[in-house]
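A.B. asks: Now for the letters of each chain:
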Amino acid sequence: MALRLVSRACVRQFNTALSATRPLSMYYTKSHEWVNVSGGVGRVGITDHAQAALGDIVYVDLPDVDAEFDVGEEVSSVESVKAVGDVALPVSGIVKAVNDALSDTPTLVNQSAEDGGWICEIELTDTSELDDLMDKAAYDAFLESE
Amino acid sequence: MACGVGIGRRPHVILSNLRCVYQNLSLENWLLQNWNFARSDCLLVYRNKPCVVIGRFQNPWREVNVAEAREKGIDIARRVSGGGTVYHDLGNVNFSFFTDKPSHCPAKNLTFLADTLNQWADLGLKTNKRHDMSIEEAKVTGSASRIIRTGSFHHCTLLVTSSLSSLSSVLQGDPYITTSIATASVPSPVTNLASHSRDVILTPGHVISHVTSSYLARYDVHFPEPELPWKPEQDTAGDVMVVDALPESVDEPEHKTWDWVFGRTPKFTRSFGAGMEVMVDKGVVVEVSDRRLEEVIGTPFDQTTIQQML
Chain W
1 MALRLVSRAC
11 VRQFNTALSA
21 TRPLSMYYTK
31 SHEWVNVSGG
41 VGRVGITDHA
51 QAALGDIVYV
61 DLPDVDAEFD
71 VGEEVSSVES
81 VKAVGDVALP
91 VSGIVKAVND
101 ALSDTPTLVN
111 QSAEDGGWIC
121 EIELTDTSEL
131 DDLMDKAAYD
141 AFLESE
Chain H
1 MACGVGIGRR
11 PHVILSNLRC
21 VYQNLSLENW
31 LLQNWNFARS
41 DCLLVYRNKP
51 CVVIGRFQNP
61 WREVNVAEAR
71 EKGIDIARRV
81 SGGGTVYHDL
91 GNVNFSFFTD
101 KPSHCPAKNL
111 TFLADTLNQW
121 ADLGLKTNKR
131 HDMSIEEAKV
141 TGSASRIIRT
151 GSFHHCTLLV
161 TSSLSSLSSV
171 LQGDPYITTS
181 IATASVPSPV
191 TNLASHSRDV
201 ILTPGHVISH
211 VTSSYLARYD
221 VHFPEPELPW
231 KPEQDTAGDV
241 MVVDALPESV
251 DEPEHKTWDW
261 VFGRTPKFTR
271 SFGAGMEVMV
281 DKGVVVEVSD
291 RRLEEVIGTP
301 FDQTTIQQML
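Top to bottom, those sequences are chains W and H. My numbering puts the first residue of the first sequence at 1, with every later residue one more than the last. My numbering puts the first residue of the second sequence at 1, with every later residue one more than the last.
Hints are computed from structural coordinates only; laboratory data are not their basis. The hints are all genuine.
Think about it this way: if two alpha-carbon atoms lie no more than 20 Å apart in a straight line, the pair counts; the simulated EDC-like pairs of lysine to aspartate or glutamate are:
| no. | chain 1 | residue 1 | chain 2 | residue 2 |
| --- | --- | --- | --- | --- |
| 1 | H | 267 | W | 100 |
| 2 | W | 82 | H | 100 |
| 3 | H | 101 | W | 48 |
From just these sequences and the hints, can you work out the full model?
C.D. replies: Quick look at the structure:
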């Protein structure tokens with residue numbers, strides 16, 4: 001129960017910190033990552049589909065703050081009971097914050113992959129890259145077709 | 001997830017004659033990044049001279065007696081897949097099954113190994129959901145996997161004639177590491193295949209021969225020419241290639257570096273008694289609880305050096 005409250009508080013803080021006049025937008029990749037964007041800042045994680053496929057997560061390798069990555073580059077690695085997999089950055093950016101809670105509780109990603117289980121926050125360096133991503137409806141359709 | 005052998009796919013077997021764990025892990029990782037998964041699967045087979053291999057996010061100091069390993073010339077390596085710490089010697093055979101992501105299926109690979117070996121040597125091998133293969137209650141394999149955007153491998157050890165007791169002291173890690181977020185090993189009883197075979201003499205060479213022939217026989221399509229960016233020495237059977245040296249483009253130094261083996265260690269704290277402790281991040285001391293230890297801040301963690309200062 002406490003976990004749910006913490007994650008809602010995180011999202012509210014995130015919303016306020018960014019431009020309050022523009023709606024948050026969730027974008028998805030075919031490799032099952034998401035980026036939640038407002039203005040030029042995005043929060044990144046893996047989708048619920050991805051966490052279910054991975055199984056129980058035992059370790060999340062967080063990137064360094066101020067590290068810069070290109071779109072598609074590996075920004076994090078995740079170890080589950082089944083395998084070590086990569087998290088690719090959906091759009092190019094500079095890491096501004098990481099979700100330290102994942103160090104002690106990597107299973108947060110299983111419990112709340114698209115909310116409290118976020119991995120890092122980035123400052124986007126090329127917002128036009130968002131045009132190459134899917135919205136929720138398109139991602140759900142993509143999952144159906146897989 | 002599909003669990004059948006790919007129809008119309010072609011198999012390759014790559015036998016590594018390299019015996020250095022750093023070279024074999026580099027070869028394996030290079031294949032993962034460069035293999036043409038669209039058309040073919042691959043089985044890489046390798047053996048290492050005595051070494052200890054830790055999982056991707058493990059703590060080498062917690063898993064291994066680092067000082068003793070160094071003294072005895074036992075290499076410590078970190079692999080790119082997860083899981084726990086294993087000991088390799090020439091009596092252990094490593095199999096690495098490369099497939100595209102949809103075909104990634106460790107369960108199928110282990111069933112294949114169990115069936116092949118049981119049919120040949122009547123060993124009574126069984127597999128379980130944790131991707132272990134055992135004889136009675138003792139494990140003969142340990143498995144782990146690595147999946148990237150373009151492909152995957154599942155690899156496992158197979159104890160044939162391994163020296164099981166000789167390195168038990170090297171695998172005693174540092175008991176004074178008090179907090180650690182690294183992944184932990186789960187110790188289990190283990191056994192060699194050779195001790196359970198009554199009629200057939202099992203050696204690593206014989207096992208490799210049987211398993212690789214059986215692997216190739218599962219596929220319905222075979223081509224004489226391998227499609228690799230480099231041409232290792234080719235066996236008379238076109239699907240089997242022998243590697244005697246790393247391709248020039250393989251980045252061997254990376255797996256051997258301090259930065260990879262020790263510098264990728266998740267944060268931990270090591271106690272030196274009487275409330276004194278050091279905190280280590282990425283293998284380097286970042287905080288100490290006592291002023292006498294201040295000069296080690298910023299240096300690579302070394303338990304012996306710190307102990308001598310106190």
